[in-house]
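Starting from the known structure of chain A, arrange chain B on it as the hints suggest.
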Amino acid sequence: MKTWHRFAACIALGLVGGAAYAVHQVRGGLSDGMVEIGPWQTGKSFGTVDASALTRAKVALSGLLALPAKEAMYFTAKNDSDGRALDGRCTYVVRGGKLDGRWWSITLYEGEGWLVKNAANRWSVPASAVPVDEAGGWSFTVAPSAQSGTWLPTGSVPKFDLTLRLYHPSTMMIQSPEKAQLPTIERKECA
Amino acid sequence: MMRRWLFPIVAGGLVALGAYQATLLATPYALMQAAMNKIGDRGPENQFAFSPMTTAANQTIVRPSPDLAYAACAFNVSKGPVLVDVQPVPDHYWSVSIFDARTDVAAVRSDRDTKGKAARLALVNAGQTAPAGYEPVRVGYDRGLVLIRILVAPASTFPTIDAIRRKSTCKQV
Chain A
1 MKTWHRFAAC IALGLVGGAA YAVHQVRGGL SDGMVEIGPW QTGKSFGTVD ASALTRAKVA
61 LSGLLALPAK EAMYFTAKND SDGRALDGRC TYVVRGGKLD GRWWSITLYE GEGWLVKNAA
121 NRWSVPASAV PVDEAGGWSF TVAPSAQSGT WLPTGSVPKF DLTLRLYHPS TMMIQSPEKA
181 QLPTIERKEC A
Chain B
1001 MMRRWLFPIV AGGLVALGAY QATLLATPYA LMQAAMNKIG DRGPENQFAF SPMTTAANQT
1061 IVRPSPDLAY AACAFNVSKG PVLVDVQPVP DHYWSVSIFD ARTDVAAVRS DRDTKGKAAR
1121 LALVNAGQTA PAGYEPVRVG YDRGLVLIRI LVAPASTFPT IDAIRRKSTC KQV
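Residue numbers (the numbering used here), protein chains in the order written: chain A, 1 to 191; chain B, 1001 to 1173.
Source of the hints: derived by calculation from the structure; they are not laboratory data. A hint or two may mislead.
Rough simulated footprint, nothing fancy, chain B against chain A, three-plus residues with beta-carbon under 8 Å [stated by the list, open to error]:
(1) 80-92
(2) 135-143
Listed below are the simulated DSSO-like cross-link pairs for lysine-lysine, each with C-alpha atoms no more than 30 Å apart in a straight line [what the hints assert, rightly or not]:
(3) A:Lys70 to B:Lys1038
(4) A:Lys70 to B:Lys1117
(5) A:Lys78 to B:Lys1038
(6) B:Lys1115 to B:Lys1171
(7) B:Lys1079 to B:Lys1171
(8) A:Lys117 to B:Lys1038
Counterexamples of contact, computed for chain A against chain B with all Cβ distances above 12 Å [what the hints assert, rightly or not]:
(9) Glu36
(10) Trp151
(11) Gln175
(12) Leu182
(13) Glu189
Glycine included, every Cβ here is placed at the ideal spot set by N, Cα and C.
Looking at chain A on its own, in the form it has when it is part of the complex (with noise of 0.2 Å):
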């Protein structure tokens, strides 16, 4: 092998290595900058300069436009309370309190962050949609099919996504998102 062939071997394979190992970690998991409160994972640094090429890469790829923290906080559960990844043929609880912020709506998505289409046509539960107990809790059921109460359709998708949008967050919150208060996801049957 002459020489010139060994440098275009290790340049080509180079270029696809490293193309290839950023869209990987674009697509995976946790980034740099990330804090997970129970089942949520939210950033400190969305549409920030701030934001590290990686976090910009991601939030552009599953959440762009995402607003700075001051104005909305976005928390993402992939997992419920014990850990297991979130199934559209399972009905999970989501149970929670007052959220720290001026509004919040918990939406359903699949995939890189599409709705997921149901015949009830419901996508979210905004706070206005909850009834509140005395105690100011709250809860809603996740479910492949109709439910009493209040009802997130999943779909029956394998996979999907919570996201917790929470608007107008308050200083603590913002400074110290791992204190949080969010809500638990509790899977109850699976189909």
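For chain B alone, kept in the frame of chain A given last:
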């Protein structure tokens, strides 16, 4: 044998590092360009396109909120400042955000910031000045997106909100 491969392997490693970084840096620009093209299909540059409420059947951008009414303007300040006038929607959360071509947020103004009044922003590049009465927003790139979000709750209020939001404008001076 190994000595003949040493320099090619080092060169390949350096190229891999460069390709990794270049891919990360290029990703936001490419995805933002795709978003601007999609919004451009709905209307001309420097003009708002008013989307219907998002459903599973009409999604254009990943992770949309079905609780928000969106209006988007693909801006281009290369020929002059772009003026953004946002009509306030009383008693509803609303915001206007400016994203540059790298996906960074140049500015966000909400009903909380304006105390319920209209937002009047002038998008300018380094050589331009804002007209009187407009808050200047300097953008690092000539092109980008303006996005209005309005909370629609309950859903039955959408026709009223839609009529108000259509008074918002995005136009080149």
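We went through each hint and held it up to the structure:
no.: 1; hint: 80-92; verdict: violated (count 0)
no.: 2; hint: 135-143; verdict: violated (count 0)
no.: 3; hint: A:Lys70 to B:Lys1038; verdict: holds (28 Å)
no.: 4; hint: A:Lys70 to B:Lys1117; verdict: holds (20 Å)
no.: 5; hint: A:Lys78 to B:Lys1038; verdict: holds (28 Å)
no.: 6; hint: B:Lys1115 to B:Lys1171; verdict: holds (24 Å)
no.: 7; hint: B:Lys1079 to B:Lys1171; verdict: holds (12 Å)
no.: 8; hint: A:Lys117 to B:Lys1038; verdict: holds (22 Å)
no.: 9; hint: Glu36; verdict: holds (19 Å)
no.: 10; hint: Trp151; verdict: holds (15 Å)
no.: 11; hint: Gln175; verdict: holds (18 Å)
no.: 12; hint: Leu182; verdict: holds (18 Å)
no.: 13; hint: Glu189; verdict: holds (25 Å)
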